[in-house]
Amino acid sequence: MAPQSRMKGSEAIIRALQDEGCDVIFGYPGGVVIPFYDALLDADLRHVLVRHEQGAAHAADGYARATGKVGVCLATSGPGATNLVTGIANAYLDSIPIVAITGQVKSDLIGTDAFQEADTTGITLPVVKHSYLVKEAAELPRVIHEAFHIAATGRPGPVLIDIPVTASLAEVAYKRSDALELPGYKPTVRGHVKQIRSAAKAIDEAERPVFYVGGGVISSEGAPELLRVAELRRLPVATTLMGLGAFPETNRLSLGMLGMHGTVTANYAVHECDLLIAVGTRFDDRVTGKLSAFAPKAKVIHIDVDPAEIGKNVEPLIPIVGDAKHVLAALAKELEALEWSPEQTAAWWAKLRGWQDEYPLHYEDPTDGTLAPQFVIEEIDRVTESAAVICTDVGQHQMWATQYYTYAFPRQWISSGGLGTMGFGLPSSIGAKVGRPDATVIDISGDGGFQMTVQELATAVNYDVPVVVAIINNRYLGMVRQWQDLFWNKRYSQTHFERQPDFKMLAEAYGAVGMAVTDKDQVADALREAIACGRPAVIDFNVAAEENVYPMVPAGSSITEMIGGVAPRRRKKS
Amino acid sequence: MKHTLSVLVENKPGVLTRVAGLFARRGFNIEGLAVGPSEDPRLSRMTITIDGAEHPIDQVTKQLHKLINVVKIRDLDPSGMVAEELMLVKVSAEGDKRSETLQIAEIFNAKIVDVERRSVILRVVGSAAKLEALLELLRPIGILEIVRTGSIAIGRGKG
Numbered sequence: 010m011a012p013q014s015r016m017k018g019s020e021a022i023i024r025a026l027q028d029e030g031c032d033v034i035f036g037y038p039g040g041v042v043i044p045f046y047d048a049l050l051d052a053d054l055r056h057v058l059v060r061h062e063q064g065a066a067h068a069a070d071g072y073a074r075a076t077g078k079v080g081v082c083l084a085t086s087g088p089g090a091t092n093l094v095t096g097i098a099n100a101y102l103d104s105i106p107i108v109a110i111t112g113q114v115k116s117d118l119i120g121t122d123a124f125q126e127a128d129t130t131g132i133t134l135p136v137v138k139h140s141y142l143v144k145e146a147a148e149l150p151r152v153i154h155e156a157f158h159i160a161a162t163g164r165p166g167p168v169l170i171d172i173p174v175t176a177s178l179a180e181v182a183y184k185r186s187d188a189l190e191l192p193g194y195k196p197t198v199r200g201h202v203k204q205i206r207s208a209a210k211a212i213d214e215a216e217r218p219v220f221y222v223g224g225g226v227i228s229s230e231g232a233p234e235l236l237r238v239a240e241l242r243r244l245p246v247a248t249t250l251m252g253l254g255a256f257p258e259t260n261r262l263s264l265g266m267l268g269m270h271g272t273v274t275a276n277y278a279v280h281e282c283d284l285l286i287a288v289g290t291r292f293d294d295r296v297t298g299k300l301s302a303f304a305p306k307a308k309v310i311h312i313d314v315d316p317a318e319i320g321k322n323v324e325p326l327i328p329i330v331g332d333a334k335h336v337l338a339a340l341a342k343e344l345e346a347l348e349w350s351p352e353q354t355a356a357w358w359a360k361l362r363g364w365q366d367e368y369p370l371h372y373e374d375p376t377d378g379t380l381a382p383q384f385v386i387e388e389i390d391r392v393t394e395s396a397a398v399i400c401t402d403v404g405q406h407q408m409w410a411t412q413y414y415t416y417a418f419p420r421q422w423i424s425s426g427g428l429g430t431m432g433f434g435l436p437s438s439i440g441a442k443v444g445r446p447d448a449t450v451i452d453i454s455g456d457g458g459f460q461m462t463v464q465e466l467a468t469a470v471n472y473d474v475p476v477v478v479a480i481i482n483n484r485y486l487g488m489v490r491q492w493q494d495l496f497w498n499k500r501y502s503q504t505h506f507e508r509q510p511d512f513k514m515l516a517e518a519y520g521a522v523g524m525a526v527t528d529k530d531q532v533a534d535a536l537r538e539a540i541a542c543g544r545p546a547v548i549d550f551n552v553a554a555e556e557n558v559y560p561m562v563p564a565g566s567s568i569t570e571m572i573g574g575v576a577p578r579r580r581k582k583s
Numbered sequence: 010m011k012h013t014l015s016v017l018v019e020n021k022p023g024v025l026t027r028v029a030g031l032f033a034r035r036g037f038n039i040e041g042l043a044v045g046p047s048e049d050p051r052l053s054r055m056t057i058t059i060d061g062a063e064h065p066i067d068q069v070t071k072q073l074h075k076l077i078n079v080v081k082i083r084d085l086d087p088s089g090m091v092a093e094e095l096m097l098v099k100v101s102a103e104g105d106k107r108s109e110t111l112q113i114a115e116i117f118n119a120k121i122v123d124v125e126r127r128s129v130i131l132r133v134v135g136s137a138a139k140l141e142a143l144l145e146l147l148r149p150i151g152i153l154e155i156v157r158t159g160s161i162a163i164g165r166g167k168g
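Chains as they are written, first to last, in our numbering: chain A, 10 to 583; chain B, 10 to 168.
Do not rely on the hints blindly, as some may be mistaken.
Computed list of lysine-lysine pairs in BS3-like fashion (alpha-carbon distance at most 27 Å, straight line) [to be verified]: (1) K75/B - K78/A; (2) K195/A - K106/B; (3) K21/B - K184/A; (4) K195/A - K75/B; (5) K321/A - K306/A; (6) K71/B - K203/A; (7) K21/B - K115/A; (8) K106/B - K321/A; (9) K75/B - K21/B; (10) K360/A - K203/A; (11) K120/B - K299/A; (12) K321/A - K139/B; (13) K167/B - K321/A; (14) K106/B - K203/A; (15) K203/A - K308/A; (16) K144/A - K71/B; (17) K195/A - K342/A; (18) K21/B - K195/A; (19) K75/B - K203/A; (20) K71/B - K106/B; (21) K195/A - K81/B; (22) K71/B - K195/A; (23) K17/A - K210/A; (24) K529/A - K513/A; (25) K81/B - K99/B; (26) K203/A - K144/A; (27) K167/B - K71/B; (28) K106/B - K11/B; (29) K184/A - K78/A; (30) K144/A - K21/B; (31) K308/A - K81/B; (32) K184/A - K195/A; (33) K184/A - K203/A.
Don't read these hints as lab results, they were simulated from the structure. Remember, it's a predicted structure, so these values are computed and weren't measured experimentally.
Please put together the full structure from these sequences, using the hints given.
Below, the structure written as structure tokens:
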């Protein structure tokens, strides 16, 4: 039997976190979590004091995405907990493993509208993978063990643990828990052998196959297996926004991203393919556009660890429930046993290369003395040699970051996909840098989103977390403005920021390095300087105000109906 | 088509909220829901009736399965299950109405569980169809109040 020792519930929380391998917590104190913070003083567990609880949740999320480990955040009851909600929902929509711990009022006060009481488990119910309200201190070790297990296994996701202060104060005999009382939780990891064989056969017969891969490949650590399968049969690979980095964009088989702002080639490929191999992805509307017109000529193989995703939006011919890494490894084995000639897909590749040549990404330099936002991203790519961890906010800059940076590794791209959370960039970059101090971490933000969580600059400075923030500053809520431009008759209602702060001075006020760049020739130098200075740095890039992200599939249209897909030089030729 | 789901869940606080919340969130419309203890004190059994034409039953069961506290789900085959519902009906029983009510009750094997000067309470167990038929006959007499448990169902034979 494991040794037991008596301690307070608050100490047991810390011990259990340590036993789960947690090495850092992002948190913010408050009344009912004082016992926890008191115990923390005597514990060997790193704590990063954020400046707003939303930042704690995003930082834990960024940490989890960058490291593959479970991220942990903590907040007090009531407003502390409600401030976490956006971050928890964000992690839920992107299937990111985090454990969120919240303080709760005393057990006997629950339900009385006590000071700083909120029904935290109730409020978060729709956005957690699972949650606990732990009234008995004795349950803490098991619950924390279960929470980490649930967060990280199967389809990952956030788990919330709400702990009344009475449980934190109660005495408990601590024993490391390896118990799981989860009779209803058994994720299917290994795919069905016969289904995998059918998938191999379908790939073997396909003349126009294409991979459509999502974040599941990254969370399962399945990128090497994906590469193996793709290279075995020269299979083209399109990734979703969440899947960026699952397949190296430096590889000739990569078609880049598909969907609303994906490459023309990726979208055409999906439209024309005879076999769509969907892995770790959920046929989201930003990917499929008009669902009835999506991949109309294709047999569909759908591999996902979450059975509920299979058949939710698209009914596959070959469903495979299982972990992407396992299934792809098994698929590789099946394919290795089959004879094959590259001739089979030669015509398909000729077509794909034709599209790539015909429809490259393109932009023009602005003539008003500002920077092209796409150019700034390209420079970030060049300066960091495509090897940085890139975090983003949400909007135009995010889409340009998908298009003009080259992602070659899993966990290199950290962005709010499902929920589309502005303000995610800076705190997630802090979490990523804390988790991977040796990586260059760049937060590409917009001037809108940056201000939603700008206070976390104080956190970065406080803990010496040298992230570089590149603000793609167009003085607009650019993506909404783009929709108003294209679909609302250019009626720019409330999307223009008439007054923005001086971001250079703002950064300096926080104790970070501040820079402002308008000149094309200074972009690379500024980036190099910011990375080299070893301190948190903010670069305000003055970009063209009304540049749009192209290509674009209007919401609800077929993904072949793209606006701005053809480069002007091509248009002139024809 | 109506589906009857027999759902085994952990007997823990908040489980019903999770199930009900899931149905609301995904836009699944519950027609009937009954919960009670099962043969295992750690588990409760829910009988959920849902319109399969309105919602793909496959999605409903898969989403339910994702709840950590849901242990097992069976979509009961209508020909291989026994489904019963309990109903209490308070009926007006003034003058001639009383004897008419008692006659109908006897036909439907309904028990008179309470008699007052102006009303009687009937208790009846049966299929939803039987309960509806009884109500149809009682309506002209004057129904004062109805309360139903929702259907509970069990598969025939072993397992």
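Which of the listed hints are not met by the structure? Failing hints, ascending: 2, 8, 10, 11, 12, 13, 14, 16, 20, 23, 25, 26, 28, 31 and 33.
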